[in-house]
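**Q** For reference, the chains in residue letters:
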Amino acid sequence: MSAKSPRLVSIVDDDESVREALPDLLKQFGFSSFTFSSAEQFLSSGQVDDTDCLILDFAMSGMSGVDLMRELSARGYTIPVILITAQANETFRQRLLREGAVECLFKPFSAAALLQALQLVFPGT
Amino acid sequence: MTAIGNHWAPIPAGVPIGGHTGHCAGLLTGAEPAHSTHLEGETAILEMMARGVSLPEIHNALCRLTETSVSPECSCGIYLVDRAGPRLRISAAPGLSPALTEEICRPTLWSEGNPCARAARRNAAVMCEDIASDPLWQRSEFTVRAQAEGRRSYWAVPIASASGGVLGVLAMLQPTRAGASLRDRALIARAAELAGIAIERAQRDGALKRSEAFLAEAQRLSATGSFSWNVATNELTWSEQLYRIFDFEPRAAITLETLRSRVHPEDWPSLAPILELAREGIAEIEHEHRIILPDGSLRHLHLVARGTHDEQGRLEYIGAIQDITNRRVAEEALAKARSELWHVARVVSLGALSASIAHEVNQPLSGIITNASTCLRMLTAEPPNVQGALETTRRALRDGSRAAEVIGRLRVLFAKQEAKTELVDLNEAAREVIALSNSELKENGVTLCLDLAEPLPEVSGDRVQLQQVILNLLLNATDAMVGVEGRPKQLTIGTRLDEQGRVSLRVTDTGIGLESHLVPRLSEPFYTTKSKGMGIGLFVSRSIVESHQGCLCFSANEGPGVTFSFAIPRARPVASSADVAHCTRGTRLVSAASAASTLAGS
Chain S
1 MSAKSPRLVS
11 IVDDDESVRE
21 ALPDLLKQFG
31 FSSFTFSSAE
41 QFLSSGQVDD
51 TDCLILDFAM
61 SGMSGVDLMR
71 ELSARGYTIP
81 VILITAQANE
91 TFRQRLLREG
101 AVECLFKPFS
111 AAALLQALQL
121 VFPGT
Chain G
1 MTAIGNHWAP
11 IPAGVPIGGH
21 TGHCAGLLTG
31 AEPAHSTHLE
41 GETAILEMMA
51 RGVSLPEIHN
61 ALCRLTETSV
71 SPECSCGIYL
81 VDRAGPRLRI
91 SAAPGLSPAL
101 TEEICRPTLW
111 SEGNPCARAA
121 RRNAAVMCED
131 IASDPLWQRS
141 EFTVRAQAEG
151 RRSYWAVPIA
161 SASGGVLGVL
171 AMLQPTRAGA
181 SLRDRALIAR
191 AAELAGIAIE
201 RAQRDGALKR
211 SEAFLAEAQR
221 LSATGSFSWN
231 VATNELTWSE
241 QLYRIFDFEP
251 RAAITLETLR
261 SRVHPEDWPS
271 LAPILELARE
281 GIAEIEHEHR
291 IILPDGSLRH
301 LHLVARGTHD
311 EQGRLEYIGA
321 IQDITNRRVA
331 EEALAKARSE
341 LWHVARVVSL
351 GALSASIAHE
361 VNQPLSGIIT
371 NASTCLRMLT
381 AEPPNVQGAL
391 ETTRRALRDG
401 SRAAEVIGRL
411 RVLFAKQEAK
421 TELVDLNEAA
431 REVIALSNSE
441 LKENGVTLCL
451 DLAEPLPEVS
461 GDRVQLQQVI
471 LNLLLNATDA
481 MVGVEGRPKQ
491 LTIGTRLDEQ
501 GRVSLRVTDT
511 GIGLESHLVP
521 RLSEPFYTTK
531 SKGMGIGLFV
541 SRSIVESHQG
551 CLCFSANEGP
561 GVTFSFAIPR
571 ARPVASSADV
581 AHCTRGTRLV
591 SAASAASTLA
601 GS
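So the sequence lines, in the order shown, correspond to chains S and G. Heads up, the first sequence is in this note's numbering, so the first residue is 1 and it goes up one at a time. Heads up, the second sequence is in this note's numbering, so the first residue is 1 and it goes up one at a time.
The shape of chain S in the complex, shown without the other chains:
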């Protein structure tokens, strides 16, 4: 963990309980975070440039998680993405990894699994 300002993780999920619960956990891990209830809200937030890592729900009304990944890539961003989904399907997960996600976690996931994924993004965390 760096001594300078903590790494910023943006959370995009339309489920409120995730948006409430994850920031506290991330804080315990030493990250600061912002939450957004939709991909559109995130894109228009002005936080895109500051975001070091994106925790992204796959299934959202409007733009889906993958839609957002493609949009960011189209705009030239290379923000590492951890996808989270309530659909436990390994084939599906592999497809998402091929789309460029760093990790894909099935809800409900443990704190340890999330930490492992974050360590992939931020080696040495």
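Derived from the structure by calculation, the hints contain no laboratory data. Just so you know, these numbers come straight off a predicted model, no measurement behind them. Be careful, since some hints might not be right.
[Said to hold, decoys possible] Chain G stretches covered by chain S per the calculated footprint, using a threshold of three residues with CB under 8 Å from any CB of chain S:
#	segment
1	361-371
2	377-388
3	395-405
4	438-444
The beta-carbon is built from N, C-alpha and C at its ideal position, and this holds for glycine as well.
Put chain G on the given structure of chain S with help from the hints.
**A** Chain G only, in chain S's frame:
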């Protein structure tokens, strides 16, 4: 008397005379005064008729009486016309030999092969003083036989019915050459008349018995018994079948009290007020109730009765009770089969939602695990963050209840339970279905719009079944939008109270629409245009809606897509026992056996 005199004199031997005797009373009075023993004999015969003694017995006595009154040597026989031959058949001929009777009954009436057949065929008396000199049957088997038995003369008199038709023949044979005196003729005419009365009475009795037998058989076949209830005397008269239905000893005395002992205790409260009202004045009664037989078995009865006045002007009910147990059992079996089909269809629909359901459960579980992990970390930190831990614990609890709610809803939808009638808020029912389907909609990129009227009157029905219909419409609408590109996939669920006081719910999509030629087949069972699915969704939805006295319909939107909707009557204020008391004199007292079963049974 005059008729007899005119027709019977003079009588040439062996020549039939026209006319018939007919029934007329007091034939003997104009001729010679009847012998008192003869009158006593006639009285005895009339008594036999009144007692219902069999026809041959009566005729037998009549033959003996006539023989005694005419001459000690003569023999009398009574033969009946058998229309099937037509020929004669013996009724009674105590003084005649079987061989002679056989000769009398042998030929058809058409052949007029003997004097009796001729008398019956021509409806006219045939009198012959001397067989030997009779040109007609001198060589007939009958004459040979009669002569062999020492008979010399015969008289054959038709027995006529009240309407003049020939019922039979009375034959009188004597060993000597004998002409009939006026007194003889009167006696024979009288005997023929009595014989006719006896025959007609026997025929009427037979017809009545047959009619009674038909009625009894009809009652048995239709499991329907009839009764009369004299309100003033409280007298109940029951048909045999009714005794069988109620399993009472045949012809046992039935009172309202014994009747009540059979009525199902739960059904008596609805029956009693109807009987009370029926006592007060003429009404038509129609009621269904159950009875319990001594062996514990249950029967469903349907009672219909009509008030009337008996000859003394007293109020009397005449009615019928039908045993509808079999129908009820069949209805219940049908309802059970239907409810099982509905259940299967529901499970299939929910199966289509399994991914969505997993999502709805995993979402709060995810929250719980994250919150609990955070909580642990906060408490193990140095110093422990108790305030933060409390907050995360609260959130974990909230997510736990949310998961429990989802599971609870699912359990209700998956459960195979009996249909029940309750007050249902369609808005709330729709919201619950939406909560389970949310991620299915999201997955398919469908945007949901709600247009729910608030407040919305409740409907009365089975909540799970109605939710099944909403779920089916929602899944159909989602499926219809799968291939849609280039326009929003929008699903609208709306509710409102319509002009007819029905609560309606509509599901509008912006999907591919319906091809008009497929429309008539839409709610056929197992008809589907989809690659997945059984094709019973709409069929089941329609039958559920109809069982709620509603209708399911659909229409093409002005823009793309279709709107499916159903409308069912809003719930009425809770029914009270006053419903029955609404009935007034002269009106029809109708009560539903059990209001709850109407829906359950349908």
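**Q** If a hint holds in the structure, say so; if it does not, say that too.
**A** Here's how the hints hold up against the structure:
no.	hint	in the structure
1	361-371	holds (count 10)
2	377-388	holds (count 4)
3	395-405	holds (count 4)
4	438-444	holds (count 4)
Against the hints set out earlier in the document, no violation occurs for any number.
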